[in-house]
Every structure is written in structure tokens, then in C-alpha cells.
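**Q** Listed below, chain by chain, are the residues.
Protein chains: 2
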Amino acid sequence: MQERALSLKSGGKTISCVPTMGFLHEGHLSLIRAARPAADVLIVTIFVNPTQFGSSEDLSSYPRDLERDLALCEKEGVDIVFAPATEDIYPEGYSTYVEESDLSSGLCGAARPGHFRGVTTVVAKLFNIVQPDSAFFGSKDYQQSRVIMKMVRDLNIPIKIEVCPIIREEDGLAMSSRNKNLDPDQRQEALSLRRALLKAKELIKSGEAIAPIIRKAMEEVIGSQPQARIDYIEFRDGETLKPVDRAGEGTLIALAVFIGQTRLIDNLIFRSKNNLDPGAR
Amino acid sequence: MQERALSLKSGGKTISCVPTMGFLHEGHLSLIRAARPAADVLIVTIFVNPTQFGSSEDLSSYPRDLERDLALCEKEGVDIVFAPATEDIYPEGYSTYVEESDLSSGLCGAARPGHFRGVTTVVAKLFNIVQPDSAFFGSKDYQQSRVIMKMVRDLNIPIKIEVCPIIREEDGLAMSSRNKNLDPDQRQEALSLRRALLKAKELIKSGEAIAPIIRKAMEEVIGSQPQARIDYIEFRDGETLKPVDRAGEGTLIALAVFIGQTRLIDNLIFRSKNNLDPGAR
Numbered sequence: 021m022q023e024r025a026l027s028l029k030s031g032g033k034t035i036s037c038v039p040t041m042g043f044l045h046e047g048h049l050s051l052i053r054a055a056r057p058a059a060d061v062l063i064v065t066i067f068v069n070p071t072q073f074g075s076s077e078d079l080s081s082y083p084r085d086l087e088r089d090l091a092l093c094e095k096e097g098v099d100i101v102f103a104p105a106t107e108d109i110y111p112e113g114y115s116t117y118v119e120e121s122d123l124s125s126g127l128c129g130a131a132r133p134g135h136f137r138g139v140t141t142v143v144a145k146l147f148n149i150v151q152p153d154s155a156f157f158g159s160k161d162y163q164q165s166r167v168i169m170k171m172v173r174d175l176n177i178p179i180k181i182e183v184c185p186i187i188r189e190e191d192g193l194a195m196s197s198r199n200k201n202l203d204p205d206q207r208q209e210a211l212s213l214r215r216a217l218l219k220a221k222e223l224i225k226s227g228e229a230i231a232p233i234i235r236k237a238m239e240e241v242i243g244s245q246p247q248a249r250i251d252y253i254e255f256r257d258g259e260t261l262k263p264v265d266r267a268g269e270g271t272l273i274a275l276a277v278f279i280g281q282t283r284l285i286d287n288l289i290f291r292s293k294n295n296l297d298p299g300a301r
Numbered sequence: 021m022q023e024r025a026l027s028l029k030s031g032g033k034t035i036s037c038v039p040t041m042g043f044l045h046e047g048h049l050s051l052i053r054a055a056r057p058a059a060d061v062l063i064v065t066i067f068v069n070p071t072q073f074g075s076s077e078d079l080s081s082y083p084r085d086l087e088r089d090l091a092l093c094e095k096e097g098v099d100i101v102f103a104p105a106t107e108d109i110y111p112e113g114y115s116t117y118v119e120e121s122d123l124s125s126g127l128c129g130a131a132r133p134g135h136f137r138g139v140t141t142v143v144a145k146l147f148n149i150v151q152p153d154s155a156f157f158g159s160k161d162y163q164q165s166r167v168i169m170k171m172v173r174d175l176n177i178p179i180k181i182e183v184c185p186i187i188r189e190e191d192g193l194a195m196s197s198r199n200k201n202l203d204p205d206q207r208q209e210a211l212s213l214r215r216a217l218l219k220a221k222e223l224i225k226s227g228e229a230i231a232p233i234i235r236k237a238m239e240e241v242i243g244s245q246p247q248a249r250i251d252y253i254e255f256r257d258g259e260t261l262k263p264v265d266r267a268g269e270g271t272l273i274a275l276a277v278f279i280g281q282t283r284l285i286d287n288l289i290f291r292s293k294n295n296l297d298p299g300a301r
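Residue numbers (our numbering), protein chains in the order written: chain A, 21 to 301; chain B, 21 to 301.
Think of the hints as simulated: they come from the structure by calculation, not from any bench.
Note that the coordinates shown come from a computational prediction; the quantities given were computed from them, not determined experimentally.
Some hints here could point you the wrong way.
Any copy will do: because identical chains look the same in the list, a pair fits if it lies in one copy or spans two.
Only pairs whose alpha carbons sit at most 27 angstroms apart, straight line, appear in this in silico DSS-like list of lysine-lysine [to be verified]:
1. K29 - K236
2. K293 - K236
3. K219 - K262
4. K29 - K219
5. K293 - K200
6. K200 - K29
7. K29 - K180
8. K262 - K221
9. K200 - K262
10. K293 - K262
11. K180 - K33
12. K219 - K236
13. K225 - K293
Use the sequences and the hints to build the structure in full.
**A** Below is the structure:
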């Protein structure tokens, strides 16, 4: 893959890239559609990265369907799918990691120790292999997109990072490969994440700014679901990811909730004027 | 610098690179002479990297002379010297590090905690900025060269690492920018590092293989110097850097010794046939 990418680059071609863990959904496809016109060659990577899963997490149950993914990529005009084996990415004796230590703390970084070290390491590796000019990430993983942007800036990686809006099901559930692991009851309960975010938005619009009060209202929305267990609900500055006590323009409201065994995340950046999901700016 | 490097690359030029901390000596010049014919464009970087110095180490007394370095580079036909300011490499809020955790342990990694994290981080950054096809390192810093080779392999960085032999003064002292900080008495005592290595070589050639016995003989050579204080004397496999109890073919013998306030290192890889310094293979 690297030889092919370097040969494309030396032949004057530009490359755009969408790194994924596969089991592609409309969220991924929206990234692919954004990346398609951005370069001569579009490469999608599919790799369920073990180093970003904790030992008690859902690596083994993470959904996979490479045949279906390949068919979807073909339909979307993807030029190359890079789907390496785990031992190709992490051969025996592997010992080098890339770690961002500021934006990675808190939120999913606190709930999932080592998670972002796994993300930054594999993304740095995939960038070196695929040699893209631009790479596209979704903002459901808002903190991830910020951590990757910081890594790219800090390490002087000459790649443009594009962050695209959250794509949702018609009923508002944020698209996620993990949604497949929800049974019908859990699927209904999963709507509480989005409902809690909309509740927060409504409160802020009506003049409430105190984060603990808004959090309490969100907890009530989610707490009414029998299988839901809140991992975190946090209020952060949308740019710096620093915690804020008062919610307002540009505040990131992010939450992670277990529905049964499945951990789901969602977020929203509050805009008084045009309150779109993050990324749609 | 990065724009210029990317433009050279897209114009079909190859780039070789010699990363240094400046105050160039014959060791650096040997790297420059090896790198000169390796590519169309030769870039030397000069950056005294603060993140590879411990808080009690000699960052402030590390010798610097940019004017002299530039003149030497010009004379050697270097095309570009990249000498960034500290705040350009580590701007405020910098938070991303590259860490190799296997070969970095022990030897200078044990004596200088965080040292190799600083080295791998700055080298990864310089590689991204300078975009070389090949990079040249000296084997006085033998462990460093191995750590960098491991980082490059692990992170899939498409750069060839070349390791060149130690260059010595006529009396055997390994060239080092830090030699400048030795007074005339210390300069004489510094010869004990090489003498201890030659003593080890002689013992192994005469049939002695037991590392503690050889170490004891080396300690005696150095211990006779009034201002010398041994930091470490170690026996390692030259490829894996794993500690060995018995010295023989391919064994790395590495030592670090303080002469007064100045910490010096030197090493040798034992070869029964053609016992050159490491790198000259």
C-alpha cells in the first residue's frame, strides 16, 4: 500500500483518505462523499484497531462485514480500500506509540484509558502508509477529531484534516457501527442521548447557562430509561475542550451512555443562531 | 521549510538529511559526506532539542556556534540548513510525543529518563518537516540509532536510516560537541573511555567472555582517573539491545562516564575478525 501511495504521489496524484473501523454506515458514506472530490485518488482504510480498545471493552463484539464494506466502497467510487491484518499493523515486538496528552484527557480519554493513544498511533501509521493530502473524520467522535488535529499540528504532519457533521437516523439516533448491537428495546432507549442533547439546547436557548442545572435535566431524560447507565455528561469549550461551568455560544455538550452492554456517544455544539451539529460550520 | 521540501519532492527531487544539535565536528562532517551523494538535495538540521535534556542536565551549557556551523555546511556542499527556533518546534500548548518503549529502556534511557522520548519526538517532527528519503546518524549514539530505526519501522515512516561509524580524535577520543567543555586535565582523563573499550576487546580476544569480569577490568581503567565517575558500563546484544551475561561476536559494549561535569559516551561492537566500530559494517 505504501509503495503504491508513494508511486501515486511521485506521479503527481493527490490522495484523500477516510480512515474507518469498517461496518460502514451513512456516517462513513458522508465522509467518503466529501472526500471523493477532494483528490485524484480516494483511499478508505478499514482496520478495527486493537490498541484503542481497553481490555474490558468490546473489541471482540465490534461488528465486522468486509464484503459488504467493499461493495459499498465500490458503489461510492472509492479507488482503493486498505484493510490490513492486525499483525501487519502491529507485528511482534511492536513498541512505538504516539500520545497527545492535553485534549486526550477527560471525556472519552478519562472513561477509556489508553484509547486516544491507540487512536493517534494508528492514525499516524495509516497516514504514513497511505500518504494522503487530506483525511476526513466524523464529528460524532468530536474529541477524537480534535486530538487528531492537534497531533497533526504538533508533529508537523502535512495533511489537511476535514471534520464532517454527525449523520443521524430519521429518529435522531447518531449513526454508529455499534448501533447494530442494540436489541429493539435498547434501540428505543438509545434515542435518549439525542433527546437529552435537545433538552440541553432548549434550556440554553431559554436562558439557562449553569452547567450542573442543565446536566441534571439531561440526567433525568436518560435516567428514565431502564437499561441506560450514564458514563459521562460534560460541558466543554468547543475549541480548547477545557471544562466550562456555564454553557453558551460554542459550548460542546458531550455524553457517553451505556445502553445495556453497548456504549454510545453523541454531542452537540451550542450555536444561538444556526444550531447545527458540530462540523457543519 | 516544509513547503520547500514538499515542493522539491513534488518536483521529483530526492532529499537526504543529517539531523544534528549543531557545534559540528568531524563526526557530523562524516555524516554530511555520506549523505551528500545519497540524494539530489542535502538538508542539515541544527536544533538543540530541549525535550531530550533532563531538568538537571546540560541544556544551557551545550555548546552552540551557528555561524561556524553554517560555514562548515557551505564548505561541504550542504544545500539547506534548517535551524529552527525552539518556539517554532514546541509552540505554547505543545502536547504530542512519540515514544519507543523497548529499545529505549536501559543504557542511556535508564540514566536519562525521558531522553529518548524527546529524541523520537523531535526526529519524527523533523522528518515531517524536511521530508527526507534518507537520514544519517552516527553510531557513537548507538542506542539512539537503534531507537530511531525502530520508530521508523513501527510507524511506517518511508525513510531509509543510515548509521555511520564513530569518528575519533587521533588519540582515540570519540568526537563529541561536549568535548569542548573539558579542560586540559579532563581531556586527558576522557581517553579512559576508549582505553576501557580496548581493554574489553583485548580480554574477549584472549578468551574471556564473562561480562562482570570484563566490566571489572574496565572499571579499573576508568577508576584510576581522579575526575571520572562511571554512569554505566553495559553489555548488550548489538541487534536487540538485550542484556547479555557473556560477551562475544556482535556484543555491544557501551559506557557513559562523567568527567567532571561532562557526561561522555562511547561504545564498541565486538567482532572477532574485523573489529571496527559499530556502523562500519
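**Q** Tell me, which hint numbers fail for this structure?
**A** Of the numbered hints, 1, 4, 5, 6, 9 do not hold.
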